[in-house]
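Colleague: Assemble the complex: chain A is given as a structure, and chain B must be docked to it using the hints.
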Amino acid sequence: DVVLTQSPLSLPVTLGQPASISCRSSQRLVDSRGNTYLNWFQQRPGQSPRRLIYKVSNRDSGVPDRFSASGSGTDFTLKISRVEAEDIGVYYCMQNTHWPPYTFGQGTKLEIK
Amino acid sequence: EVQLVESGGDLIQPGGSLRLSCVASGFTFSDYWMHWIRQAPGKGLVWVARISDDGSGINHADSVKGRFTISRDNAKNTLYLQMNSLKVEDTAVYYCARDRLAEPYDKWGQGTLVTVSS
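Residue numbers (my numbering), protein chains in the order written: chain A, 539 to 651; chain B, 629 to 746.
The shape of chain B in the complex, shown without the other chains:
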């Protein structure tokens, strides 16, 4: 069974740092691009970042560029999102999702909640 399990969400003060993880199982992780997508409370879905299957291609949304970094460890079947200089507006549920052959997001994780507040 394909599974994506996020973790690492927490309550953190503005300006703080956090690293999210997404552990994949049930499929060949290294065959897939991976993405982070977030959803603020009561709001819609917003793309955050993408990484190619081998990690050589990376893109971040303008709203997080310079603060967040997506990465992956194919040996550990794990996707990461390093989040620095967190802002109140980064408060959201963060989902990881997979993408292959331009058919994105056929599987999603359950999400992990990041709350940025003083």
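So here's chain A without its partners, still in its complex pose:
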């Protein structure tokens, strides 16, 4: 099974400052056709998860452009250019290249300093 390791697990950030979350995979996440299926989700306190990014770097509709993502192979990153109060929550990476099972990272808790 693919293991996704996120870092840091806790991320205190000052409002208006950037934030970055790493997601490292135990296997390369590119399939035989050259596609990479790595996604990012946000879960605000008390809410269901929400997808932010699909296939490495594609932002979902309605996601602010301060969120961006990149990566390849086994190393992926989610970046927030300027953290706002509404960004508080837990962020998960998730892969659907090598399944089953579909696997999530452990989650990174973003909190305001």
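No lab work stands behind these hints: they were computed from the structure. Note that the Cβ used here is the ideal one computed from N, Cα and C, for glycine as well. Don't take every hint at face value.
Computed list of lysine-lysine pairs in DSS-like fashion (alpha-carbon distance at most 30 angstroms, straight line) [claimed, not checked]:
#1 B:Lys704 x B:Lys693
#2 B:Lys671 x A:Lys647
#3 A:Lys593 x B:Lys735
#4 A:Lys617 x B:Lys735
#5 B:Lys693 x B:Lys671
#6 A:Lys593 x A:Lys617
#7 A:Lys617 x A:Lys647
#8 B:Lys693 x A:Lys593
#9 A:Lys617 x A:Lys651
#10 B:Lys671 x B:Lys735
#11 B:Lys715 x A:Lys647
#12 B:Lys735 x B:Lys715
#13 B:Lys704 x B:Lys735
#14 A:Lys617 x B:Lys671
#15 B:Lys693 x B:Lys735
#16 A:Lys647 x A:Lys593
#17 B:Lys715 x B:Lys671
#18 B:Lys715 x B:Lys693
#19 A:Lys593 x B:Lys671
#20 A:Lys647 x B:Lys704
#21 A:Lys651 x B:Lys671
Now the in silico label distances, taken between C-beta atoms and shown as ranges [unchecked claim]:
#22 B:Gly694 x A:Lys647: 30 to 40 angstroms
#23 B:Arg695 x A:Ile650: 37 to 47 angstroms
#24 A:Ser560 x B:Ser645: 38 to 48 angstroms
If you only want the chain A side, here are some residues facing chain B, beta carbon under 8 angstroms, derived [claimed, not checked]:
#25 Tyr575
#26 Gly584
#27 Ser586
#28 Pro587
#29 Arg589
#30 Tyr592
#31 Lys593
#32 Ser595
#33 Phe605
#34 Asn634
#35 Pro638
#36 Pro639
#37 Tyr640
#38 Phe642
#39 Gln644
Modeller: Coordinates of chain B only, in the frame set by chain A:
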């Protein structure tokens, strides 16, 4: 508006059975694969099971294989999870989510809480 509404969660004793439902609306249910994902209290997200759009392809996580069964009724726009031989460690909020063209989980339900305890 796309909606996924789970129900069926309850407090149940170890060894018991429960069936969860997820009713879909606002999109063509039969065009989508569907998944169950769970989240134990204070913990992360864990994939439980997947079913293809026509129900012909099914996968379950090893932790639930032989105990849980995913199914769907496209005529009723409903996804199910039959949960048997429940264990304390199955306690979690269970979410349903849709998946199309390898772009999974763009929509989630609100979740339903299953508590397994004596």
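Colleague: Go through the hint on A:Gln644 and say holds or violated, using the shortest Cβ distance to chain B against 8 angstroms.
Modeller: holds, 5 angstroms
Colleague: Compare the distance between the alpha carbons of B:Lys671 and B:Lys735 with 30 angstroms, and conclude whether the hinted pair is satisfied.
Modeller: Holds - the C-alpha atoms of B:Lys735 and B:Lys671 are around 20 angstroms apart, at most 30 angstroms.
Colleague: If you draw a straight line from the CA of B:Lys715 to the CA of B:Lys693, is it 30 angstroms or shorter?
Modeller: holds, 13 angstroms
Colleague: Can we keep the A:Tyr575 interface hint, with Cβ of chain B closer than 8 angstroms?
Modeller: holds, 6 angstroms
Colleague: Grab the minimum C-beta distance from A:Tyr640 to chain B and call the hint holds if it beats 8 angstroms, violated otherwise.
Modeller: holds, 4 angstroms
Colleague: Does the alpha-carbon distance linking A:Lys617 and A:Lys647 stay inside the 30 angstroms limit?
Modeller: holds, 14 angstroms
Colleague: With a cut-off of 8 angstroms, does the beta carbon of A:Gly584 approach a beta carbon of chain B closely enough for the hint to hold?
Modeller: This interface hint is violated because 10 angstroms lies over the 8 angstroms limit.
Colleague: With the threshold set at 30 angstroms, check whether the alpha-carbon distance from A:Lys617 to A:Lys651 stays at or below it.
Modeller: Given pair A:Lys617, A:Lys651 holds - Cα atoms ~17 angstroms apart, limit 30 angstroms.
Colleague: Next pair to validate is B:Lys704 with B:Lys735; report whether the Cα-Cα distance is within 30 angstroms.
Modeller: holds, 19 angstroms
Colleague: Can you confirm whether the C-alpha distance between B:Lys715 and B:Lys671 stays at or below 30 angstroms?
Modeller: holds, 17 angstroms
Colleague: Honestly, do A:Ser560 and B:Ser645 meet the 38 to 48 angstroms range at C-beta?
Modeller: holds, 41 angstroms
Colleague: Does B:Lys704 lie within 30 angstroms of A:Lys647 when you go C-alpha to C-alpha?
Modeller: Violated. A:Lys647 to B:Lys704 sits at ~38 angstroms, over the 30 angstroms cutoff.
When held up to the earlier numbered hints, the structure conflicts with 20, 26, 32 and 33 and fits the remainder.
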